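Note that the protein sequences, when read in sequence, are chains A and B. As numbered in our numbering, residues 2 to 346 make up the first sequence, in order. As numbered in our numbering, residues 2 to 346 make up the second sequence, in order.
Think of the hints as simulated: they come from the structure by calculation, not from any bench. Some hints could be false.
It does not matter which identical chain is used: a pair holds within one copy or between any two.
Quick list of in silico lysine-lysine cross-link-like pairs, DSSO-like style, CA-CA up to 27 Å [what the hints assert, rightly or not]: (1) 63 / 267; (2) 225 / 257; (3) 257 / 65; (4) 43 / 65; (5) 143 / 63; (6) 63 / 97; (7) 278 / 61; (8) 194 / 332; (9) 84 / 194; (10) 138 / 257; (11) 141 / 278; (12) 278 / 97.
Please read these numbers as outputs of a predicted model, since none were measured by experiment.
There are 2 protein chains.
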Amino acid sequence: MSKAPLPVAVDAMGGDHGPKVVVEGVISAVNDIDCEAIIVGKESEIKSCLDSLGAGNNPKIKIKNANSVVTMDDSPAVVMRGKTDSSIRVAFQLVKNGEASSLISPGNTGAVMAAGLVLSGTLPGIARPAIATLIPKVGKSKPTVLLDSGANVDCHAHQLVQFALMGSCYARVALPVENPRTALLSNGSEPSKGTDIIRAAAQSMSEMEELNYIGYVEGRDIPKDSADVVVCDGFVGNLILKAMEGTVELVLDTMKMSVERSLSAKIGMFMAKPALKTLFSQKLDPASYGGAPLLGLNHMAIICHGSSNGRAIMNAIKVAKKFVDAELIKKMEQALISFDLKKRI
Amino acid sequence: MSKAPLPVAVDAMGGDHGPKVVVEGVISAVNDIDCEAIIVGKESEIKSCLDSLGAGNNPKIKIKNANSVVTMDDSPAVVMRGKTDSSIRVAFQLVKNGEASSLISPGNTGAVMAAGLVLSGTLPGIARPAIATLIPKVGKSKPTVLLDSGANVDCHAHQLVQFALMGSCYARVALPVENPRTALLSNGSEPSKGTDIIRAAAQSMSEMEELNYIGYVEGRDIPKDSADVVVCDGFVGNLILKAMEGTVELVLDTMKMSVERSLSAKIGMFMAKPALKTLFSQKLDPASYGGAPLLGLNHMAIICHGSSNGRAIMNAIKVAKKFVDAELIKKMEQALISFDLKKRI
Numbered sequence: 002m003s004k005a006p007l008p009v010a011v012d013a014m015g016g017d018h019g020p021k022v023v024v025e026g027v028i029s030a031v032n033d034i035d036c037e038a039i040i041v042g043k044e045s046e047i048k049s050c051l052d053s054l055g056a057g058n059n060p061k062i063k064i065k066n067a068n069s070v071v072t073m074d075d076s077p078a079v080v081m082r083g084k085t086d087s088s089i090r091v092a093f094q095l096v097k098n099g100e101a102s103s104l105i106s107p108g109n110t111g112a113v114m115a116a117g118l119v120l121s122g123t124l125p126g127i128a129r130p131a132i133a134t135l136i137p138k139v140g141k142s143k144p145t146v147l148l149d150s151g152a153n154v155d156c157h158a159h160q161l162v163q164f165a166l167m168g169s170c171y172a173r174v175a176l177p178v179e180n181p182r183t184a185l186l187s188n189g190s191e192p193s194k195g196t197d198i199i200r201a202a203a204q205s206m207s208e209m210e211e212l213n214y215i216g217y218v219e220g221r222d223i224p225k226d227s228a229d230v231v232v233c234d235g236f237v238g239n240l241i242l243k244a245m246e247g248t249v250e251l252v253l254d255t256m257k258m259s260v261e262r263s264l265s266a267k268i269g270m271f272m273a274k275p276a277l278k279t280l281f282s283q284k285l286d287p288a289s290y291g292g293a294p295l296l297g298l299n300h301m302a303i304i305c306h307g308s309s310n311g312r313a314i315m316n317a318i319k320v321a322k323k324f325v326d327a328e329l330i331k332k333m334e335q336a337l338i339s340f341d342l343k344k345r346i
Numbered sequence: 002m003s004k005a006p007l008p009v010a011v012d013a014m015g016g017d018h019g020p021k022v023v024v025e026g027v028i029s030a031v032n033d034i035d036c037e038a039i040i041v042g043k044e045s046e047i048k049s050c051l052d053s054l055g056a057g058n059n060p061k062i063k064i065k066n067a068n069s070v071v072t073m074d075d076s077p078a079v080v081m082r083g084k085t086d087s088s089i090r091v092a093f094q095l096v097k098n099g100e101a102s103s104l105i106s107p108g109n110t111g112a113v114m115a116a117g118l119v120l121s122g123t124l125p126g127i128a129r130p131a132i133a134t135l136i137p138k139v140g141k142s143k144p145t146v147l148l149d150s151g152a153n154v155d156c157h158a159h160q161l162v163q164f165a166l167m168g169s170c171y172a173r174v175a176l177p178v179e180n181p182r183t184a185l186l187s188n189g190s191e192p193s194k195g196t197d198i199i200r201a202a203a204q205s206m207s208e209m210e211e212l213n214y215i216g217y218v219e220g221r222d223i224p225k226d227s228a229d230v231v232v233c234d235g236f237v238g239n240l241i242l243k244a245m246e247g248t249v250e251l252v253l254d255t256m257k258m259s260v261e262r263s264l265s266a267k268i269g270m271f272m273a274k275p276a277l278k279t280l281f282s283q284k285l286d287p288a289s290y291g292g293a294p295l296l297g298l299n300h301m302a303i304i305c306h307g308s309s310n311g312r313a314i315m316n317a318i319k320v321a322k323k324f325v326d327a328e329l330i331k332k333m334e335q336a337l338i339s340f341d342l343k344k345r346i
């Protein structure tokens, strides 16, 4: 008989909207899929959220108390040195102890990373984990994997190469894609483009037979079908991701305002609304993708937007469950061992 | 009696679509505004374009022959060492000699920059010029100035500070805005965010009383009313700008496809089309802003997208004319002298 699957550990405290949206997301997820959850944070607060949402006695949900909260303004070190009983750390400890399968947190990314580095450690040959975000593509059901989208501000060339290898493993499991086309993000497609670091990474990547390295792609290629995996440092990745989010808002808001001025446009948009709404919620709303995995740790960790709503948390839990079931970490570990990074870079 | 205004010099050869679209743009511009133009490039080709468009005898348009063409793949050095009779260089020489007021080129940005550095030279205290692009804002008529959006791949902190000062001068004249809110682009608003270079630039900028420095803004703030001037290096600026362009296409294309599947949405979008079309052509189409100035040279140079159509060239000429009439370069020079950058950084 196979062992019962482990619950997911969900950090309820670090998000912008407090524990209530997290609890909502957990309830939706355990009702929707075959999955149990441990909600980590201030027990009394979580209990009262569960009660108010009529799930006080749901047998699929447990609470693990954690007294302190890492805020968005806390430095990453706080989670390991100061607030040692924080919800992020307690949740990660559950995963490390084998009491939970994975961690989901809408909290401080730096703190999740710091806790992950100390408690979970990195996969063979990996110096630092990276956040892998899925970007929708025009007319394609399979998105682009963009990494690092925010975990590491300054990156060396060898880190970019590691991100490429992790992104390629991830794309095989997550999209899935057979032989993921892997590219570096640069300011032009010619080999002379890019910073010194980008060009050094390109040189290493072009020599790795295991990697389907296709060269540089530009900013406008990210939402196109130019590559399956796009690699950049976390400073650039964060800026790109947020600029893309801001642009979606720009287009939709400007459209709304321009339509307001014409009656026929108003009626027209009213008629088109259901189709557009589906599009927005399925494709362009970050919440539809749930969280983004922090790749490179020995355990599964999913980082959600600080502003996540219940739907985003629910989808993040589904994503975590999917990757646990698919044994993503084990597959990445095997691939990284076969790449034998230490000898190569 | 005041001197007759000088013509603009337009490089006809370097764009992706050849001289015809450039000639079209020049004809539209000189017909639309009080302005003359010298088209620079292969005389016979330009002549035949002018003839085919019925403007062979337009007294407001002259041709200056230049035998070679700098392609997009040529290294920037080629314009000064190899192809010394290229259209970019010949056009810049006209400006330097006082025969033209400004240069407009849809060609190789690095080559325009190289020619500018050698032939025009930089303004007091400025090490390298930067490209300043206007980004539309939600619900606001005045856009955000983003610089450097592509001229300098690796930047030191003092260059970012120079970009901030130039951007601030430019925003006063171009938007116009009284006391432009000037920000650094970073991966979070807290002072601890950013790379070492970003933090060093922030320190210098916060000490300059002449600059209305407001701190960091994030990627999603660019199309919002968070700042008038947003400063970054040219690698990041290029990626951001292109990712934003790609995202506009993503939203519009995905919308089109999603509407195709529903009859009422199809009818609705048909009714809304005129309003959306106006929006697109006025706000979200890069061609509506024409080109972007290369700020920091002693002469006015406007860089257009390589894929510029006639409308983009026309708008770039109008932009050049506007800045020449407003004496932008002279005003920037005076401001930079008063900042006395050499003593400060």
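**Study point:** Index of numbered hints that the structure contradicts, given in increasing order
**Key:** When the structure is compared with the hints, numbers 1, 3, 5, 7, 8 and 12 turn out to be violated.
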